[in-house]
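Asker: Sequence:
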Amino acid sequence: MRKLSLGAYAKSHRLDFVSDILSLKELTLILGGRADIDDMSSTTLETLQILRVRALSTLGDLSRFPMLSALRVEDQLQLVRLDLTGASLERLWLYNCKRLADLPGLDRQERLREFRASVVALDMNALRDRDWPHTAISINLFSGNKKWNDDAHAQLTGRGLGQKGDLWP
15 MRKLSLGAYA KSHRLDFVSD ILSLKELTLI LGGRADIDDM SSTTLETLQI
65 LRVRALSTLG DLSRFPMLSA LRVEDQLQLV RLDLTGASLE RLWLYNCKRL
115 ADLPGLDRQE RLREFRASVV ALDMNALRDR DWPHTAISIN LFSGNKKWND
165 DAHAQLTGRG LGQKGDLWP
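What the sequence shown shows, in my numbering, is residues 15 to 183, in sequence order.
Hints may contain errors.
[Unchecked claim] Calculated lysine to aspartate or glutamate pairs in the DMTMM-like style (CA-CA distance at most 20 angstroms, straight line): (1) K17 / E104; (2) K17 / D180; (3) K39 / D53; (4) K112 / E124; (5) K25 / D50; (6) K178 / D164; (7) K25 / E88; (8) K160 / D143; (9) K161 / D180; (10) K112 / D137; (11) K17 / D53; (12) K17 / D34; (13) K39 / D180.
Calculated directly from the structure, the hints in this document are not laboratory data.
Model the full assembly from the supplied sequences, consistent with the hints where possible.
Answerer: This is how it looks when you write it as structure tokens:
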């Protein structure tokens, strides 16, 4: 099994079985609820999407996914901090994580090509102005202000960071 989507997966059900699926490359957790995904790990997982999982407050240590290159996190209203220290990502999308204010380890993402952040509590000015890795080609930042968004897009495009990113499966 290469792809797995768990929809409305009950928090009473553990996720440790994922490590037994040796061919798994893509996993989507959508809906349902749980405070964390600490019981989940995979040595083969490359793409992880966490979408509208109620009460999720942490993704934990991402080094549990040594092959992870793409992470998409959407509609996680309890997530305040996402520690990227143990990851080596090429793609990172963060959408509607309104309390997300801290991304430790972002500066260590040497392979990052795409980054998108929208409706988050991160310092958007700092993200716009930071030195992105030489691999970065698509940086998209969306605040609640159209003028700021347009200005940020123009600045990032001027720095060679305005390419359109790939779509998610």
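Asker: Checking against the hints above, which ones are violated?
Answerer: 4 and 9
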